[in-house]
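Student: So you can see what is in the structure, the chains are spelled out below.
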Amino acid sequence: MIRRLLPLVAMLAVLGASGAPARAERLVTSLSTYRVSIASNFTGADLVLFGTVDPERGSPPRRGGYDIVVTVIGPRQTVTTWRKERIVGIWVNAESRTFVDAPTYLAVLANRPVEAIANPELRRRLQIGIDSTLLPQDISGDVADVVRDDPFRKAFVRLRNEHGLYLERSNAVTFLTPTLFRTAIPLPSDVPVGTYEVDVKLFADGAMLAREHSAFEIYKAGFEQLVANGARNHGILYGLCTSGLALMVGWLASVVFRRD
Amino acid sequence: MQIYLPIAELSVNVFLIFVMGLAVGFISGMFGIGGGFLMTPLLIFIGIPPAVAVASVTGQIAASSFTGAITYWRRRALDPALAMMLLVGGIIGTTAGVWLFSVLRAVGQLDITIGVSYLVLLGTVGSLMIGESAQAIIRSRQGKPTEIRRGGSHLWIHGLPFKLRFKQSKMYVSTIPVWGIGFIIGFIGAVMGIGGGFLLVPMLIYLLRVPTNVVIGTSMVLTLVTMAFATVLHAATNHLVDVVLALILMVGGVTGAQFGARAGQKIRSEQLRLLLGLLVLAVGLRFAFALVVQPDELYMVRTAEGAT
Numbered sequence: 019m020i021r022r023l024l025p026l027v028a029m030l031a032v033l034g035a036s037g038a039p040a041r042a043e044r045l046v047t048s049l050s051t052y053r054v055s056i057a058s059n060f061t062g063a064d065l066v067l068f069g070t071v072d073p074e075r076g077s078p079p080r081r082g083g084y085d086i087v088v089t090v091i092g093p094r095q096t097v098t099t100w101r102k103e104r105i106v107g108i109w110v111n112a113e114s115r116t117f118v119d120a121p122t123y124l125a126v127l128a129n130r131p132v133e134a135i136a137n138p139e140l141r142r143r144l145q146i147g148i149d150s151t152l153l154p155q156d157i158s159g160d161v162a163d164v165v166r167d168d169p170f171r172k173a174f175v176r177l178r179n180e181h182g183l184y185l186e187r188s189n190a191v192t193f194l195t196p197t198l199f200r201t202a203i204p205l206p207s208d209v210p211v212g213t214y215e216v217d218v219k220l221f222a223d224g225a226m227l228a229r230e231h232s233a234f235e236i237y238k239a240g241f242e243q244l245v246a247n248g249a250r251n252h253g254i255l256y257g258l259c260t261s262g263l264a265l266m267v268g269w270l271a272s273v274v275f276r277r278d
Numbered sequence: 011m012q013i014y015l016p017i018a019e020l021s022v023n024v025f026l027i028f029v030m031g032l033a034v035g036f037i038s039g040m041f042g043i044g045g046g047f048l049m050t051p052l053l054i055f056i057g058i059p060p061a062v063a064v065a066s067v068t069g070q071i072a073a074s075s076f077t078g079a080i081t082y083w084r085r086r087a088l089d090p091a092l093a094m095m096l097l098v099g100g101i102i103g104t105t106a107g108v109w110l111f112s113v114l115r116a117v118g119q120l121d122i123t124i125g126v127s128y129l130v131l132l133g134t135v136g137s138l139m140i141g142e143s144a145q146a147i148i149r150s151r152q153g154k155p156t157e158i159r160r161g162g163s164h165l166w167i168h169g170l171p172f173k174l175r176f177k178q179s180k181m182y183v184s185t186i187p188v189w190g191i192g193f194i195i196g197f198i199g200a201v202m203g204i205g206g207g208f209l210l211v212p213m214l215i216y217l218l219r220v221p222t223n224v225v226i227g228t229s230m231v232l233t234l235v236t237m238a239f240a241t242v243l244h245a246a247t248n249h250l251v252d253v254v255l256a257l258i259l260m261v262g263g264v265t266g267a268q269f270g271a272r273a274g275q276k277i278r279s280e281q282l283r284l285l286l287g288l289l290v291l292a293v294g295l296r297f298a299f300a301l302v303v304q305p306d307e308l309y310m311v312r313t314a315e316g317a318t
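Heads up: the sequence lines are chains X and R, in that order.
Using the working numbering, read the first sequence as starting at 19 and increasing by one per residue.
Using the working numbering, read the second sequence as starting at 11 and increasing by one per residue.
Bound-form chain R, shown alone:
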């Protein structure tokens, strides 16, 4: 069944979009991430203008992270104080990101920026995750206990001023890195159309030493607010949020996430991280391929306002 997207101004197959939402939702539920880094490229691949894809996916990520946040809230597995502090940076970052998005679109360099950012970010994060999880798997195969890097060793981050006590996370840390991380996630989320969960979770664990039991819940709250905020900003400045597209993705995404979460519980965490790392790296390489190989079509037409 074909449906006309009023903002993208083209007709797409409802079931194709829904199944894409389901599949990405499954993966997002399995790994506890938003899945924007998969959704946005998929939409661009089926012909949705990149700008519309980025702007509309923000709504979908807000929906799936809200479901996640509620679940973690019921289990008390999130830190509201930490989430609030991350949000301060997140909101500023999102505003800056949407502004940069508009500027890049005006000078015709949005696609390339999205491409290069995906390559650099996903390539780096993917490789790091694979390396780290492979080591963990090897260690557990050899029968050694999994190394828990908490307490003891101090990073330079822990010497910064303006310290604040986060009761739920049982930590005493400077607000500067917390705001900084919030800013980075909000910024790249708005520019690239990703929630940033796959970045935020490792940052919270390795940089701030947030206990793993509250990490995903807290990350979901940040993603929820920055993405809901980004949706409003994208709608207000660029007029590119396609509510029909976003709704189909939301329904598919939240449904798929439920099944993904059940599947995820059956897999060991380091194997899960290895899988996610491979996935992230694969998407990054796909972008590298598109940037390096001579494209079939060297030309593209962009209108002053919409994208055709």
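Chain X extracted, bound-state conformation:
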């Protein structure tokens, strides 16, 4: 952990020495890695995010302390949520809602409940917390966000949550000192590949003081990449290879287990 912090400390020193007139708090963050590779042994990962608050020079420390909200948004994808209904005795997918460009991954990590950090108006404007995040639906051609307790929206968030893809944790950010904090971004094993945006917001006394953006990438490495690319871009060749493999395994078995 110390080793990871060293470049951070050096960076802070440089920032401090640059002598820009600091009018308010600054926020500096760093991720433990910016590229997460998925190989055959991938069972999920925890990314560590470190950050520090550089207080206003000469001003007294804030009495209420600082609040941090880290929002991680994965690649966006249009998905459909289906609801089953009983039709002539059997349960069938009857109604559906399409969520346009919904994040495939959404993590909201804070040091205390977001309700205590900012007022509802600010939460809605800055999209703080899963409830305040826009999840626009395609309603017969019109794309619009719906009320928070829309059953399809609630079901969608709940299902994503069960997969570990949508999460909101109010105790995930820990302050190591009054200005230095860390948090872990949990990535489940079925996390989608792509670019993930990390948005760190600093609050004090219910107001946002600073904001810092960064990003990391999740990609399939080596064999997994080869297979996924092959399946997507060279479907016929991939299918022929799989069939060839099947014939080879079948033939090998007939040789190995031959009894006559």
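Everything labelled a hint here was simulated from the structure, so no lab data went into it.
Keep in mind it's a predicted model, so treat the numbers as computed, not measured.
There could be a bad hint or two in this list.
Claimed, not checked - Pairs of lysine to any residue residues, derived as SDA-like cross-links and limited to a Cα-Cα distance of at most 25 Å, are as follows: (1) Lys238(X) to Leu301(R); (2) Lys238(X) to Pro60(R); (3) Lys102(X) to Leu301(R); (4) Lys172(X) to Lys238(X).
Since chain X is already given, all that's left is putting chain R on it; use the hints.
Tutor: For chain R alone, coordinates are given in the frame of chain X:
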């Protein structure tokens, strides 16, 4: 040991998948069927997206039926001419099946179609097999000779035109029902992720009167080609064949099949048919249960391309 499946995009236990392959392979070897009707539901049950399960199982069935076909070929227990004619229908049926699969997936009704098809098909076939084999067992208990329904009685099928002589099977039959049976097997195989051996064998015996000694070998050839073809088509159109998953299943399946085949030889054929009938019916009832009972989770999320 966990392994990441690159297409299903989730991590599974290798040994669990391998043991499932072994167990289904054992059953498939014992009854001389592909075992897809057991494998696909099992994979769905452990959380593999249904579409990926169906598409990947086709590869596994191709592997196990190839082993079987080679064995029967060595014993000359298959009819190449009949297999070729079945394949004509089989290839067309598979193409139609993969097309329907894509359409159903696009409109979100794939799961329900798979469910209802399993229920109807397995329920019917299972019940018929149980009835037929139970009668055979009762007859043999009473000391009566087992009825061999060959020759003599003619079905309407035998009056159809375009007749062809199949030397190996010693029969003279119209090609229309042969193509039709091939088409049906190819079609439902591609949609449901099953080889269709448990359907094809009775169809060949009861509808075409194919001699029992060449039935299983011929059925394996049809299953092999339609499933290998379905694998290519599923890979080319839906991009859902998970080669890692398929490989683990293949290795488990062909190994289990060898032991199953030895076990199967020790059991009398009508008892074997009764067992298979019970198994088929049980899987069908499991699907009925899932369709009729209110599910715990009424909602599901489907992406436009993959399935999460």
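Student: Each of the hints needs a verdict: does it hold here or not?
Tutor: Here is how each hint holds up against the structure:
A distance of roughly 37 Å separates the Cα atoms of Lys238(X) and Leu301(R); the hinted pair therefore is violated under the 25 Å criterion. For the suggested pair Lys238(X) and Pro60(R), the alpha carbons sit about 23 Å apart, so the restraint of at most 25 Å is met. A threshold of 25 Å between alpha carbons decides the hint, and for Lys102(X) with Leu301(R) the separation of about 10 Å falls inside it, so the pair holds. The straight-line distance between the Cα atoms of Lys172(X) and Lys238(X) is roughly 31 Å, outside the 25 Å bound, and the hint therefore fails.
In summary, the structure is inconsistent with hints 1, 4 from the numbered list given earlier, while agreeing with the others.
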